[in-house]
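> Model the full structure from these sequences, guided by the hints.
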Amino acid sequence: MKYQTQKIAMAYFAVAMGLFAIQVLGGLLAGFIYISPNFLSDLLPFNVVRMLHTNALVVWLLLGFFGAAYYLVPEESEREIYSPMIAYLQLILLVVGTLGAVITYTFNLFEGNFFLGLQGREFLEQPFWVKIGIVVAALMFLYNISMTVLKGRKTAITNVLLLGLWGIAIFFLFAFYVPDNLALDKMYWWYVIHLWVEGVWELVMASILAFLLLKLTGVDREVVEKWIYVIVSLSLFSGVLGTGHHYFWIGTPKYWTWIGSIFSAMEVIPFFAMVLFSFTMVWKGGRNHPNKAAVLWSLGTAVMAFFGAGVWGFMHTLHGVNFYSHGTQITAAHGHLAFFGAYVSINLAIITYAMPYILKREPYNQVLNMVSFWIMNSAMAFMTFVLTFAGAIQTHLQRVNGEDFMDVQEQMQLFFVMRFGAGAVFVIGALLFIYAIFVPRKELLQKSTTAAAE
Amino acid sequence: MQTKSAARNIFYGGSLFFLLIFFGLTAHSHYYIKNVSTNEVTLTEGVARGKKIWEDKSCVNCHTILGEGAYFAPELGNVWIRRGGKDDPEGAKDFIKEWMKAQPTGIEGRRQMPQFHLTDKQLDDLVEFFKWVSTIDTNGWPPNDAG
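Chains Y and L supply the protein sequences, listed in that same order. So the first sequence is numbered by our numbering: it starts at 30 and just counts up by one. So the second sequence is numbered by our numbering: it starts at 890 and just counts up by one.
For the record, the hints were derived by calculation from the structure and aren't laboratory data. Incorrect hints may appear among the rest.
[Unchecked claim] To spell it out: a stretch of chain Y is covered by chain L in this simulated footprint if at least three of its residues, at any positions, have a beta carbon under 8 Å from a beta carbon of chain L; those stretches are:
| no. | stretch |
| --- | --- |
| 1 | 250-257 |
| 2 | 358-364 |
[To be verified] DSSO-like cross-link-like pairs, simulated, lysine-lysine; straight-line CA separation at most 30 Å:
| no. | chain 1 | residue 1 | chain 2 | residue 2 |
| --- | --- | --- | --- | --- |
| 3 | L | Lys941 | L | Lys975 |
| 4 | L | Lys1010 | Y | Lys283 |
| 5 | L | Lys941 | Y | Lys160 |
| 6 | L | Lys941 | L | Lys923 |
| 7 | Y | Lys160 | L | Lys923 |
| 8 | Y | Lys389 | Y | Lys36 |
| 9 | L | Lys941 | L | Lys1010 |
| 10 | L | Lys986 | Y | Lys183 |
| 11 | L | Lys893 | Y | Lys255 |
| 12 | L | Lys923 | Y | Lys283 |
| 13 | L | Lys975 | L | Lys986 |
| 14 | Y | Lys31 | L | Lys986 |
| 15 | L | Lys893 | Y | Lys313 |
| 16 | L | Lys941 | L | Lys986 |
Note that the Cβ used here is the ideal one computed from N, Cα and C, for glycine as well.
Structure (structure tokens):
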């Protein structure tokens, strides 16, 4: 850690990991309700559990991105963060908002109240006052980071990162537009959801990945920066019009079936480019970085994002296929592997990389961390497979044969049991990771072979 | 250096190009939704109130509507059609209202839907919402009444 203010990242990472634990435990509970539907059905209905699961995920990923920015921007810009005070205030604001949302969901407070009650559009359920808080926090963050970057060295990594983070804030504003017409509502809802995860979040991911590979492999900055522009170009050229794959069946014009199919089919390309990029850099790089776990997560995120977002996305994105698979467990399979592969893993990668520097020590708990990598990746792969099988059965029985939804669900029970098992194993992996990060012990696989390996 | 700035310019220019096309097409889609694929004349205040109830109760975190939402409970974009609303509107309306009133079933091993304590007028609004949603032109989706 060359700059004092980089340690702001630790506070963000700590809160993020707390929410990660809540997220996976919420997921485990939701998975348990699938196999034992009467469990807690009066106290904590499924919809509440699911809101906690998805909202905790989104918030902790964003906190991870903010933390990553506070860590890497000083190093890239070669100067301290403009205002550490704003950074901590921003975190406090986000924590208050998150707690507010969690309490509102769990105890069903202020129902129907425009300002205080939950706003039940999927993933955007946060009460109005929390949404305002999110916007204010985002503005504080962007001001702080932009001021730092503007006054310092400008690199491709910070350019792309800033563009992605500004995009996150700008597209979130569409969360405030809630027309009475459901078709319109849905069209603009995707401005937030799709343009986040298949648009600007990819910019943030590519930028963090580029930073990690630059540091871990010692490859020339010039090479890394060329790659990053190629990758984010591919992301946005395919992903923006790729939004069309959500505009097949919601009342939008028929031309989207072709635009959406063609462009979203190409969304696999930037993820493949990230695989090529990360493996090429690691092969070519001369540096033997001592933080093996960070290298593993960096390669892992590229590969799993390629399979989850790329391959599993492509599987049901052509409109002829999507007509039958839309809104089945196929979507759930894709959603889980894509979020884990792309955005969970990139966060765990930067946390694994940054924490030893923040704590000013050699990489620690490397084996434990790598064990948690393999546990989480295997569990998520298994969960994805069983949900895909469940989805294939559902598609056939319900969408082709026209059997009743609940009758079909009962025939998928075995897969839901296996999904719960996979979820339980994943939770163990996640808790192991958190332990490996926050309970540093003496353990180093290998000394650095280059002195200046930071 | 030459190629890096070229890559950067392609990124900025190309992204702007595709964003502009996207905004143009969604502007047209906005017009299309308002005038062709949905009927804004029948989008009454009751439908709007029904949509608000749909949101306040967080229905979308169990059910899907036009295929979007959680996959824990049945699709409701076509529940009006599935319950025979086309031929017997009164029957479908009564069925949906009685269904809501009868929850939760408490049957062991069945997924449970909470009791939302909606008034008769609120139930009417919710049904109006489902009825209106079923009239959206969705390019023929879902493939059958099972949703």
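> With reference to the structure, classify each hint as holding or not holding.
How the hints compare with the structure:
1. 250-257: This one holds; 3 residues, not fewer than the three required, reach chain L with a Cβ under 8 Å.
2. 358-364: holds (count 3)
3. L:Lys941 - L:Lys975: This hinted pair holds, its Cα atoms lying about 24 Å apart.
4. L:Lys1010 - Y:Lys283: Judged against 30 Å, a Cα distance of about 36 Å means the pair is violated.
5. L:Lys941 - Y:Lys160: Holds, at roughly 18 Å.
6. L:Lys941 - L:Lys923: With Cα atoms ~19 Å apart, Lys941 of chain L and Lys923 of chain L stay inside 30 Å; holds.
7. Y:Lys160 - L:Lys923: holds (28 Å)
8. Y:Lys389 - Y:Lys36: holds (10 Å)
9. L:Lys941 - L:Lys1010: Given that 30 Å is the threshold and the Cα spacing comes to 13 Å, the pair holds.
10. L:Lys986 - Y:Lys183: violated (61 Å)
11. L:Lys893 - Y:Lys255: Holds. Lys893 of chain L to Lys255 of chain Y sits at ~5 Å (cutoff 30 Å).
12. L:Lys923 - Y:Lys283: holds (15 Å)
13. L:Lys975 - L:Lys986: Given that 30 Å is the threshold and the Cα spacing comes to 17 Å, the pair holds.
14. Y:Lys31 - L:Lys986: Given that 30 Å is the threshold and the Cα spacing comes to 65 Å, the pair is violated.
15. L:Lys893 - Y:Lys313: holds (19 Å)
16. L:Lys941 - L:Lys986: holds (17 Å)
Violated hints, in rising order: 4, 10, 14; the structure is consistent with all others.
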